[in-house]
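Trainee: From first to last, the protein sequence lines are chains A and B. Each residue of the first sequence is one higher than the one before, starting from 1 at the first, in my numbering. Each residue of the second sequence is one higher than the one before, starting from 1 at the first, in my numbering.
Calculated directly from the structure, the hints in this document are not laboratory data. Every value quoted in this text rests on a predicted model; they were computed, and no experiment measured them. You may find that some hints are simply not true.
What the hints assert, rightly or not - Lysine-lysine pairs mimicking DSS-like chemistry, simulated, CA-CA at most 30 Å apart:
1. A:K115 - B:K161
2. B:K166 - B:K84
3. B:K279 - B:K166
4. A:K115 - B:K84
5. A:K115 - B:K163
6. B:K32 - B:K128
This is what each chain is made of:
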Amino acid sequence: MKQKQTKGFWLSILLAVVVYIVVQVLSSSSMLNKFYENTLYFICINIILAVSLHLIIGITGQFSIGHAGFLAVGAYASAIVTMKLHLPFSVALIAGGVVAAFAGLLIGIPSLRLKGDYLAIATLGFGEIIRITLLNIDYVGGASGMQVSHMTDWTTLFVCLLITLIVIVNFTNSTHGRACISVRENEIAADAMGINTTYYKVVAFAIGSFFAGVAGGLYAHNFYIIQPTNFGFLKSFDILIFVVLGGLGSMSGAVVSAILLTIISTFLQDYPETRMIIYSLVLVVMMIYRPQGLMGTKEITHFFTKKRNGVKGGKPDGKHTAA
Amino acid sequence: MEIVQQIINGISLGSIYALIALGYTMVYGIIKLINFAHGDVFMVGAFVGFYSITVMGLSFFPALLLAMTICAVFGVLIERIAYKPLRNATRIAALITAIGVSLFIEYGTIYVRGAQPEAYPADVLPSKSFEILGVTINSQSILILGVSVALMIILQFIVHKTKTGKAMRAVSYDAEAARLMGINVDNTISATFAIGSALAGAAGVIFGIYYVKIEPLMGIIPGLKAFVAAVLGGIGIIPGAMVGGLVLGVVESLVSAVGYSLWRDGVAFVVLILILIFKPSGLFGKNIREKV
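Construct the complete structure from the given sequences, taking the supplied hints into account.
Mentor: Here it is, written out as structure tokens:
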């Protein structure tokens, strides 16, 4: 059993390295034009965001709809590190993550007292407060935004994505991850079983926002300018839709829907209203007919190992119970 | 005198928040759903008012009534199409649906008529300024306040004196028991949506006249602030929503008055988070312990 898991792990790493090399070769031999390359970068950043939010909503069941706030904190923190302090990009990414994790702690701690839609609205409020604060700090350019040089390259992006996926998968499968799932399933019962629910909720917030911060750093250094308006709650909803569509509680679902929706929205870039109408209809129709999302709490790997249905928690009939 | 002036401005703004907050609080009280689309009903009301004044040439009160009627129908439609299938779903599913409906109304409006803002005509209501003890009061704000207060009194009457109101209170107390007592729960919920949406529509027209500029995305921020007002007063409690709205309006005006007008939008959320942390049941709410 243990051996089998390790084997799967190395297999996926090998697959990842192959993907990396293929893209690297394609882009260096300029067979991949700028447009596709940009879409690819966007996909990777969105996957990191989707997976980090998945940890908070899908695994721990804390309904946070202010994820763009963490993205903003990470983006600005890393931009300050590279543009104002002139430190290397890798330091900037870590700094972005750490600052965002602190912001996550800040939000996680009040969440001890809030749950369900109260938490949702509070996180939305936090996101807005962050945006308005950035709007009013002249050091980072206020409303006109901040110039950032382009530093995000394929290698950094890929390494960050890989680290995010590995950390979140391992966290989910660890004791801590199972504790988080128990919080999701029934907080009161988990508490009664001796799980420190507060601790796990805060940890989930901190880890999730750390990776959102890293994604923010990558995001900032992929464009030439960052503005507070980029991080409004529409951005939060974008990220939320990745998680909801993929399935609350399924990491591979979040990844798949992040890839799918990024491609769709890239092609709908010239019709922003149409894109938002499609997004909103997807949300409503999804919630009415398949509230557990495309994948439910299943992972892609579950389709290959037929038995052991629902190891990730959830009811035996496969019905999702997240949130 | 500056402070008094700001408080008066705040009350005008606050009465708009209060009108929207009433819809939030009623819907939350009855089906425990944060109706994100409520702010967009407010926007629709503003646009119906605008078109009925400019295109159909109606005066203020007919336009107000028309906006309220259309919004009431619209609110019921939203409830029937999007929320009714989710009566027994998890609350998060309902919340996500509400977000979806909200985005759909916003971008649907942009799709239909474009994103450009419109300006309410200036001559809808006579605008005269009075000077009382050094404080300037506009006749518009008096009328706005008057209309808001009148609507709130009508609402109190409906909720406490009519059969529908009684049914609404019964359903919000215990929907299952109400159903057993022969109350048509679905109709009562629709009635709640109709009344709440009508109030939001009225708030939209009033907002348009007071602040002139309207646009398809105008509902988001006032909608969220109205929700904050509802939470501030204790969600599900009608007088709480009114007081919460007024308090929020005054606080915002005072923040602008002391020179932090850029932070105005943030203040509402700071108030929200402080309330949620220190008194989640709101100013008027009682503490209820959660049962297992």
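Trainee: With reference to the structure, classify each hint as holding or not holding.
Mentor: Structure-based check of all given hints:
1. Restraint check for A:K115 and B:K161: not satisfied, since their Cα atoms lie roughly 35 Å apart, outside the 30 Å limit.
2. Proximity of B:K166 to B:K84 is assessed by CA-CA distance (about 21 Å); at most 30 Å being required, the pair is judged to hold.
3. For the hint pairing B:K279 with B:K166, the CA-to-CA distance comes to about 28 Å; that is within 30 Å, so the pair holds.
4. For the given pair, A:K115 sits about 23 Å from B:K84 by alpha-carbon distance, which is consistent with the 30 Å threshold.
5. Among the hinted pairs, A:K115 with B:K163 is inconsistent with the structure: their alpha-carbon atoms are about 34 Å apart, more than 30 Å.
6. Restraint check for B:K32 and B:K128: not satisfied, since their Cα atoms lie roughly 43 Å apart, outside the 30 Å limit.
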